[in-house]
Each structure stands twice: as structure tokens, then as C-alpha cells.
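Chemist: With the hints as a guide, bring both chains together as one complex.
So the protein lines, in turn, are chains A and B.
If you're matching positions, the first sequence starts at 1446 in our numbering and goes up one per residue.
If you're matching positions, the second sequence starts at 263 in our numbering and goes up one per residue.
Keep in mind that the hints were calculated from the coordinates and are not lab data.
Treat the hints with care, as some may be off.
[Said to hold, decoys possible] No more than 35 Å apart at the CA atoms, straight line, and that leaves these computed lysine-lysine pairs for DSBU-like:
1. A:1617 / B:266
2. B:299 / A:1473
3. A:1502 / B:299
4. B:299 / A:1468
5. A:1502 / B:266
6. B:266 / A:1456
7. B:706 / A:1473
8. A:1457 / B:299
9. A:1468 / A:1502
10. A:1468 / B:291
11. B:611 / A:1457
12. B:787 / A:1585
Computed from a prediction, not measured in an experiment: that's the story for all the values here.
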Amino acid sequence: MSLHQLIQKCKKNDTKAQSDLYKLFSSKLFSICLKYSRNYAEAEDNLQEAFLTIFEKIAQFKDKGSFEGWMKRITLNTVLQRYREKGVINLVNENSVEEAEVTVDEDEIPLDYLLKIVQQLPDRYRLVFNLYVLDGFSHKEIANMINISVGTSKSNLSRAKQLLKEQIEAYKLRTHTQSL
Amino acid sequence: MKHKKNIERLFQEAFKDFEATPTPVAWDKLQEKLTKKERQKRKVIPLWMRFAGVAALLLLFFTLGNSWLNTRRNSIPTDVVTSPSEETSSPASPKTTLQEKNTDALNTVTPDKESAASTKESIPHKNEEENNPVFAKPENTIANEAVVSNNVIVNKAEASTDSQNQNLKPSQNTTLSNKNSATNSPLHPDTISKDAIAHQVSSDSKTQIVPSHNDTERGTKDTGHLPVYSQETLPLIQLTAEDKMRLYTALSSAKVETDKASVEKALADILLEMNKNELTIEEAIAKANDTLEKEKEVNRWQVYANIAPVYYNTLGNGSHIHDQFIHNPKKGEVNTSYGVNVGYALNNKITVRTGVSSLNLSYGTTHVILYENVGIPNAINQFRNLNLVSGGNAENSFPNVMSGDNLFSQQMVPALAEENMGTINQEINYIEVPVELQYNLIDKKFNLQLSGGFSTFFLSNNEIYTETENRRNYIGKANNINDISFSTNIGIGFGYTFSNAFRFNLEPTFKYQLNAYNNTSGNFKPYIIGVYTGLSYKF
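Just chain B, same shape as in the assembly (with noise of 0.2 Å):
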């Protein structure tokens, strides 16, 4: 009569010291796909080089459109004003950098476009991989990723029980790990272990009958269940709490997608998970096609008006008119913009705008004399900046000013300059047409955005007054101001989303200008710093 042994000991007692060696193929497969990994991991810092590559076009043809600009103007003479035919022909060009800065902003779709691409091209890939008998391995090949993020969750899920086992069971790893005790075993663990693959290896190719009772065992599970996958809702149901969670995130998540590539990168993790669940190619390729034209959907675009307050000032301490006021106390003044801007968004979180506004910008230099040459005309002109005009009450008359710390003013009777005593206030038009990029931090029902970008500013008007306590007298021009100019802009934007397609912005904007002036004096560096609010509509 034989000893009778409980079935658990014999098991842990086989099992004690079971190792196994994989096959050397297995390393191979495994170091291909850690390249492949790797491969798609650098894909990402090209797409966003190619962002670095389009802003750093857009300076180039700033630069180069504001250089040839620059020498235009100064190849003028210094009446430019009275020469306006010869400038409207020079806007030509920067319309061009504009059209380009466009194309370029729209260009950076391709990288996703290839990578969507490519995510398409692993699908038929693993398609043929399936059809194989040998090799049908379509969870693993095609669901690599999705199992691996799945593992962060399984982790962190059973964090807690793990920790648990290694203080409960010390008796799993002894089990697992314990090689010392290999030579008293009964059974050496290699030669177990090679003789355990070289039989499920043998028996597998012999016979043939694990793989391909597997196949068709899986197939009848397909045709068993397409009926049944077909509706949505049963994935959910199969899975565990953590996976609906993650499954409904993917999808809801998918819905909101306006990225092409990221809706198809959502859409080929959900088509990973239907397809363990055995569900075939095709149907999961029409699931995605369903979520796309779901994503089809989704507003694009968004038109956006706005009016802002515009703060004028300068960075530096010089004066745009001449040496003698870069001392001067100079005021920066509020004034108002207001326009609409067209938004495209690239995805869920790009956004291309661009549109047109008007600017209207003041700045003084106070502390200046204001006095009038008669019968002196332009001639003495002593501002190369300025074109003054004749007027006043007298035919022969032409106002003037002149810095308050001028030695020259200082003699003069104090009375007088202190009755005089004004300011030149330079007021600016300008028509904005800014091309700026937007980023969403945060897309709730506040959200949060950074914007960066460009804008063209066309001079429309450009007037010079003195202002005393009771006068305000039109005196002329400034000539040095460029016809067409350009600011680099960064700006926070707040929303408030009240409805599907409304919402409010509140963006105050950074503009620093970097060809305002031709001919300024000192470190003259103007800036506009504007909180623009409005409402936007999105379609």
C-alpha cells in the first residue's frame, strides 16, 4: 500500500526550485520590441523640433522682412509723408510672411498625420500576424502597450496586497526563488527545466495541437461572441472596475479628442482592448471609424471678439522724438483696443488665431516747453522725427516745443516756462493683425490657456498734440514711425464656459514691440501690455 500524500505538498514540493529557460528567440523578440519602444519614444521630440523649426522660420522671415523694410525706409527721404504711394506698395511683402507664417502654423498637422499613419500601418501589421498560426500571439503584439500602461494600474491596485504577501507569505519567495537548495533536489532544475520545454516543444510541434487547439478554440470564441460584442456595452461588463474605469476615460476622453492623431491613438488602445477580448480586426476598425466621425464633430472653430484696454509704455529711457526728451518724465497711457479673432483649433490643446483689431496707443513726455516760431518755418526744424505743421493763429506761426531741463529753457523768464509747461503726446492707430498660438493648460468649465505669438501692426494714424492744463494743439507727426511693425506677444487667457459654444475671456497680453520706431533716441523699447476681454463662439 503506497503512501498517500496531499496533492498541495506534492505541487510545492515540485515546484519548490522550478526554473525555466526561455528560449534564446524570446530574448530577440523582446529586444526588438524595446527598440521599436524606443523608437516611437524619439518620434515625439521631432514633433516638437518641427514646432521649434516653424517658430524659428516665422523669425527668419520677420527678421529678413523687417530688414528689408528698414533699408526701404531709410532709402526715403525724410518727408516720408509726403511720399505715401511708394510706401503702400512696401505692405506686399509682409502680407506674404503673414500667408507663410499661416502655412506654416497649419504645417505642424503633418507630424501627426504621420504618426496616425503609422499607428494604421501596425494594425494590418498585426492583422497578418494573427492570420499565422505558428506566431498567433495578437494580444501580445498588438496590445504591448495597452497591457503595460494596464500594469501601473495593477500596481498601484495591488500595492497595498502585495506588501501585505511579502510580510504574510515570506513562503512565495522561498518558493520562487530559492536556488541554494537546487543540488538537493531530487530533480536538478536545468536539466527539469530543459527537459520541460524540450517536451511542451516536441508535444507542440509533434502533434500541433496546442496552438492550433488554441486557434480554433479561439475562433469559435469569436463567432461565439461577435453578436454579442457588437453591442458596446458588454466590454464593460467583462471588465473589472479598474479597466471600465480606464476604458471610459479612453472613450470619453476620445470624444472630446480633436487631435486626429491622438483620437486614432485613443481609439487604437480601445481597439487593443476589444481585440483581447477576441474581437475581430474589422469590427474594431469600424468602432474606430464610429469614434472618428463622433470626433468629426467637435468644434474647430471659434470667433472671438474682443476690446482691451492697452497700457503704452517703454522698457527703455529714451524718447521716440528726440535726445534732448530722453530725460524727460515720459507717461505710459491707457487707451483701447478692440476686434475680432478667428481661432483654429489643431487639436484639443492648439489653437492657431489670428485676426484684426484696432489699437489705439498715447504715450507722453511731459514736461516740456511748448512754444511757437513765427516766421520761422520747417527750415529750422530742429526735430529730425517730427513733421511739424504749420499753425496757430498767425499765418507765420509753427508750434514748437523743447525739453523743460534744457539749459536754453532754464534761462528763459521762469514765468513763462512754467505757464508753459506741457506735455507732447504721441497718439497711435494701428490696424493688428496677430497670429499667435494658444495652449490649453486646463479645458473645464474655467479654463486656463497660454498664448504666444506675433502681431503686424499697420500704422493707420499717427498724430503728435501738446497738451497744457487748458490746450491741446495738433502739431504735427511723427515720421518715425514704421508703416508696418511687428510685436512678440505672450498672454494668460481665462475662460469661463457658460454654454456649449459661448464663453468668456479674460487675457491679459504681453506685446513687446520690436520695430516700432526707426529713429528713436536713447533705449527706446516699447511694449503694450492690453486685458483683453470679450466673448468667444465656438462652431
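Only chain A is shown next, with the shape it has when bound in the complex (with noise of 0.2 Å):
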């Protein structure tokens, strides 16, 4: 069955047909979910929303771009609205900005401490430094989709840069005295 033909079943609340979707897709919005979240729970529960939203939108999905692309758009959304639901992104107004750039030394780190110390990121940090290096908007973009400012999104990406370097190096040492 083509992609096409399942958009067509799920529009009709085909229960296979969603079952078939999340399937096809879970583990690629599920990354989605985890980048930007806490934990894994938390982020298990943004995957549900976004897919609860993805199922009763789905009809209004018109065959015009990619459908990934339109599903990870509704992802990234859920994750993003959790955020302006708890209101943590107005709250702060950090405009001291850091632009230096910041280097650790090239070491093979596992993926899942990366991912850890990432979600482990105050959520402010977190969501900056997903959307600026990890998915790529610009600060003006990530100011405007999370209501900061500019400078507010520059200073959090520096921050985040800064906390997850300690954290790296803090590794590093970990494992450094391990191996000793």
C-alpha cells in the first residue's frame, strides 16, 4: 500500500491504517520528541499528542509537500506547546550574549549521554539549542516560534552550549579515570 493510500484510510479513521502510520513513522517523530524533551516518559507523551493531533488533522492534509515533513511540523509543534503551556519561555529575559565559540575536544561520545545531557538542559536551553543545531531555524525563527527575543535565543544557545561542554568534559573525566 502507498503512502498515499494509507493518508486515505487514516483520513477514514481506518484503525489498522493509523496503527500502520504510527508504525511507519513513530521512531523518526519519536526522535523529535526525545531531543526536545526531559525524559524519555515525558517525551513518550508528546509522541501520543502529536499523533492524536496527526490522526484528527489528517484530513486536512491536502497531498502538498511531504507528509514527514507536515507530520514532524505537528510534532515539533505539540513539543513546542507543551513548552508555552508552562509558560517557562517568557519568564526569562537573558540578553547577556556569548557568541564565542565553544569547542570540546574530538572524543567518540555515545549518542544516549548526549541525548541525557541534553534533556537534562533547562528547558529553555534545551529548546534553543534543538532548534538552532540540531534542526537548524535561525535565531530570528526560533524568536518568533517561542515568543523571546533574539538576543534571548543567542544568550540560551550560549548557555546550552556552555552547560553541555561541562558536561561532556565531565564525562570525559569519568571515564578517563575509569580507563586508569
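Modeler: Written out as C-alpha cells, the structure reads:
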């Protein structure tokens, strides 16, 4: 069955088609949720909400553009919405911009560790870091998306990178001492 | 010396092909929610089915009452008017039908109550979930719907930026979805994701730090924010512009909601939003009660005094008097109706109303020859539908009529015929008791409603006059007009509200009479068009 047929069936609330669609795309969308959430459980919650929205709005999807892109946007919106509701974004307005490049020693660091330290970032830092570094949005776009100023976006990114660097160095120190 | 690497590059490369499979439980939960949603959707249909059921029941009552009345009517001899005592007993049954109508109409509230109860139920259920530290996902379970609807706004708001993003940042897609290069990646996505998950799960379950930490964090946040949140303004401050609008509309609509179920629903929404802002359930319920009290202040009752020009005519070509008049020209006439209505708003959309009004109707059959039978009383009355009175100047003269199209009359002296050519005028006065549902389409300063329902007509006066250019004679009564009859009504109401309580109304209404006459000739289907104007007062 083609993706088009699958979408058509989902539009008719076909349970089997919904299941198939989930199987097909859940891991891609879940990676977004994992990056943007605090932990695994929250990521699963976000994934569920995203899929609920997808199934609800799938009738509105006109076969223009990428379906996967559409689903990713919904997922990202779901995640962002959670932060909008929590109101964390508006509370902070840090304008001390540090543009310095943050570098670390080139070492192999496991992805699960990287994911973990991203998740452990404070919400506002994690959000900006993900949007800018991993999903390629500009500071201006981020500012529009989550209602902060460009300056705040930049400084949040900078703080996020600093925190991540500290964590990576701590990890290296740990593995180094272990190997000794 | 190790090579220094930009931290952004490090993460970009690491997450380039990142994919992770959620636990199978996630799908089960999602499916559960999907079916729950589906069920909620289905709940809407029975509400309308119940409305349809009520309508069907009304129709059944009406038909039964109607046929019962008609059989009684037929068993009564032709000189009905002479036996009024028997007839007065008959109104009893339509009255009960009326009562049934009313209770049925009110019964339609029950589904709302049920749904309200179900929303209530859902709240404590979620409370339980929140108390459970392992499955603590209060935002998700409670706010599911709210979040979904929020997304619509978000989608819209960001549609433009999203489309821009697609154009400007193709890298977004590649970083997220480039699956083909998965094998080239130093880390295999499957193993990574599994590892990641395993790691995450194990760290969660072993130390139980992540969930419990979050919860305690949330808990402390709660207590920290409680006094602040109790001020109603703060949630507004914390929300984005779109959410402010949403919350504002939810609150303002909750104030005008008169339907308990929809109020509860609106409140539930607010409650959910509050909840997401880490407000406790107890506080949210207290808030809901506050707003419900506000809701109680809504004016549900409405009194409406009206007066209307009413036009009475027939759709068919028949005559209610006699076969010979079927082809005579008829003319509908404009008369008046006045009365008082009482309305009760079931919710802010639907109002049930009833009332009482006096309705004068008249209907003319023209091109009729008027003559007098001298010395020949009713014995040879050719009109089974008319009870002619003795009258006129001479003691033994009886006024009579015949159609101008009648072959016999054409043979008569033309001059005489011409002079005596006139109109038979049927005048009827009814006491009308309508039971109608009114649906508000627009409820602003100017408002627009659709209304539909039934009217019961109690015959109070019935007179037939003959009219020529200069004479008007009472000749008798029609005996085929039912004492109790019904009509189906449909109308469009226009209103102008000029204060909170007062409103000016203009409501053109079409009433199709169902059993006004017992025994008509040809295709006689009377209807009434009235333009009801008046003032209504809400309290």
C-alpha cells in the first residue's frame, strides 16, 4: 500500500491504517520528542499527543508537500506547545550574549549520553539548542516560534553550549579515571 | 594533543540519523485515547437522535390525539353546535399531549447532564493518575484535547514560519530523517536507540531519580506558585498571545453559556490550562464552581408580548364549505393576532417557548350569489358544512348562498344575479397555544433565530357572513371546523437588543394547519402567515 493510500485510509479513521502509519513514522517522530523533552516518559507523552493531533488533522492534509514534514511540524508544535503552556519561555529574558565558539576535544561520546545531557538542560536552553543546532532554525525564527527575543535566543544557546561542554568534559574525566 | 571540535558539529553529527523506537506500550495508550475520542465523537450523535426522538414522539402524540379527536368528531351527529357539553370534554386529551410535549422538550436536557457528569468523572480519574508517581502524566491525560486544539492555533501561527523554514533550511529534513545514510554512520541507529532507551529506562528505574525528581520538583513548584496562581491574572501573564486570546474567549464564553454541560466543558478546558500551569485539582475545581455560580446568574426566562398581522389562505384549490365553491375565486385576508409568550433558555442556543395568543382569521369565497329561501327552513339545507340561521327581515326567510358558477344561477336573471353577487366570509377566532423550539443562529446586538414547533388551536369563535358591496349578513356557522386543531410552525426571528433585558423582535412565521377542518371539498389546505412583532423581556 502506498503512503497516499495509507493517508486516505487514516482520513477515514481506519484503525489498521492508523497503526501502520504509527509503525512507519513513530521512530522518526519519537526522536524529535526525545530531543525536546526532559526524559523518556515525557517524550512518549509528547509522541502520543502529536499522533492524536496527526490523526485528528489528517483530513486537513492536502497532498501538497511532504507528509513526513507535515507530521514533523505537528510533532515540533506539540512539543513547543507544552513549553508555551508551562510559561517557561516568557519568564526568562537574558540578554548577555556570548558568541564565543565552544569546542571540546574530539572524542567518541555515546549518543545516549549526548541525548541525556540535552534532556537535562533547563527547558529554555534545551529548546533553543535543539531548534538552532539540531533542527537548523535561525535565531530570528526561534524568537518568533517561542516568543522570545533574538538576544535571548542567542544567549540561551550560548549557555546551553557551555553547560553541554561541562557535561562532556565531566564524562571524559569519568571515563578517563575509570580507564586508569 | 587532541583535535578541538566545535560542540555544535559534534551534536549535529551525532544526531544526524537519530531515530528511536518508542515502547510498545506507547501505541496501546495512544490507541486507548483514540478509541476514547472516537466514543466522545459518537456521543454527539445520540444527542441529536434524542432531539429527533422527541420530535417523533410529539408527532406520535399529535397523530394519536388527532385521530382520536376525529373519530369522536365523526360519531357526533351533524348538529354539533347543539351539543357543546360533549365537546367540552374532548379538550382533556390534547391538554395532556401538551404536557407531554413540555416534559419531553425539557427531557432533552438530560443528555447534557450526562455528558456533564462524564466530564466530571474524568477529573477525579486524572487526579488519581497524578498521585501515582510512576505514571504521573497529568498534563498529558487531562489536557489531551486542549493541547490538540492549541495545536491548531500553533499550526496556523507558525504556518508561515514553517513554510519559510522548509525553503530556507533543507538541512532540517536531512538531519531529522536521512535514513539512507544510517549504515554509514558510526553508530547504528537501531542499536543506539535501543541502548539509549535501555539506558534511560534503567537509569530511571534503578535510581528512580528522574520521575521522582520531576515530581518533587513539580510539587515544590506547586506550593511555591499557589498563592500567585490564586490571583486570576497571572496565568494570562504567563501565556503567549494566542493562548491569552484562547483563555480569554473561553472565559468570556463561559460567562454567557447557559447550557450547564457546555459551561462545564469550557470550565474543564480552563481547568486543564490551569492544571498545566501546575495548579492543583482542588483549586481548579473551586475555580470551576466560581464560574458555575456566575453561570447561574444568566437570565433564562423571557417574556414576549407580540402582535402580528396574520394572513390566512389555502395552498390547495378546495373549499371548506361545499363542492360547488371549489372553483370560486378565494381570497385570503389579513387579520390580527396578539398574545404573550414565555421562553425558557435550555442553553445559550436553544430556547423552549410557549404562550397563549388570540388569533383572528378570515377567509373569503367570492363570486357567490346570495339569496333567501322564504318559508323553507334548514330542512333543505344543501350545505352539510354550514349551520344556517334563520334571520333576515321576514320570519320565515332563510339566507342562502350558491356559487356564481353554478349552472342554475347562470340561468337566473342576470341583473338579479349581478346585484346579489357577493362573498361568503368565514371568520374564525382561535386561542392558540404554541410550543416551539427556538435556535439562536446569531446572538449579538442583532440576533437571528430559527424556530419551529407546533401550535394547538382552540376554537373560540366561528361565524360566516355574506358580504355584498353594502350589506353584511350573519348567516350561520361552519360545523366542520374542529374545536381543537394543530399546526406545524416554522419561523425566522430577527431581533435587536437595546438593553440587557429588552429586545425588539420581528418574526415572520409560517403555520401549516393540519386538521383545522373535518370535512372539506377539494384540496383545501389552510395556512397562516404571521409577522410577529413585539418586545421581549428577559429575567
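Chemist: None of the hints should be skipped; say for each whether it holds.
Modeler: Evaluated hints:
Distance check on the hinted pair: residue 1617 (chain A) and residue 266 (chain B) sit about 14 Å apart at the alpha-carbon level, within 35 Å; holds. Proximity of residue 299 (chain B) to residue 1473 (chain A) is assessed by CA-CA distance (about 25 Å); at most 35 Å being required, the pair is judged to hold. Pair hint residue 1502 (chain A) plus residue 299 (chain B) holds up; C-alpha atoms about 13 Å apart against a cutoff of 35 Å. Taken as a hint, the residue 299 (chain B) and residue 1468 (chain A) pair is honoured in the structure, with Cα atoms around 20 Å apart against an allowance of 35 Å.
As the CA atoms of residue 1502 (chain A) and residue 266 (chain B) are separated by approximately 46 Å, the hinted pair breaks the 35 Å bound. With a C-alpha separation of about 51 Å, the suggested pairing of residue 266 (chain B) with residue 1456 (chain A) is violated against the 35 Å cut-off. Restraint check for residue 706 (chain B) and residue 1473 (chain A): not satisfied, since their Cα atoms lie roughly 48 Å apart, outside the 35 Å limit. Among the hinted pairs, residue 1457 (chain A) with residue 299 (chain B) is consistent with the structure: their alpha-carbon atoms are about 14 Å apart, no more than 35 Å.
A C-alpha spacing of about 18 Å is found between residue 1468 (chain A) and residue 1502 (chain A), which places the hinted pair at or below 35 Å, so the restraint holds. About 14 Å separates the Cα atoms of residue 1468 (chain A) and residue 291 (chain B), which keeps this hinted pair within 35 Å; it holds. Between residue 611 (chain B) and residue 1457 (chain A) the CA atoms are separated by roughly 31 Å; this keeps the pair inside 35 Å, and the hint holds. Restraint check: the Cα-Cα separation between residue 787 (chain B) and residue 1585 (chain A) comes to about 72 Å, which exceeds 35 Å; the hinted pair is violated.
Against the hints set out earlier in the document, violations occur for numbers 5, 6, 7 and 12.
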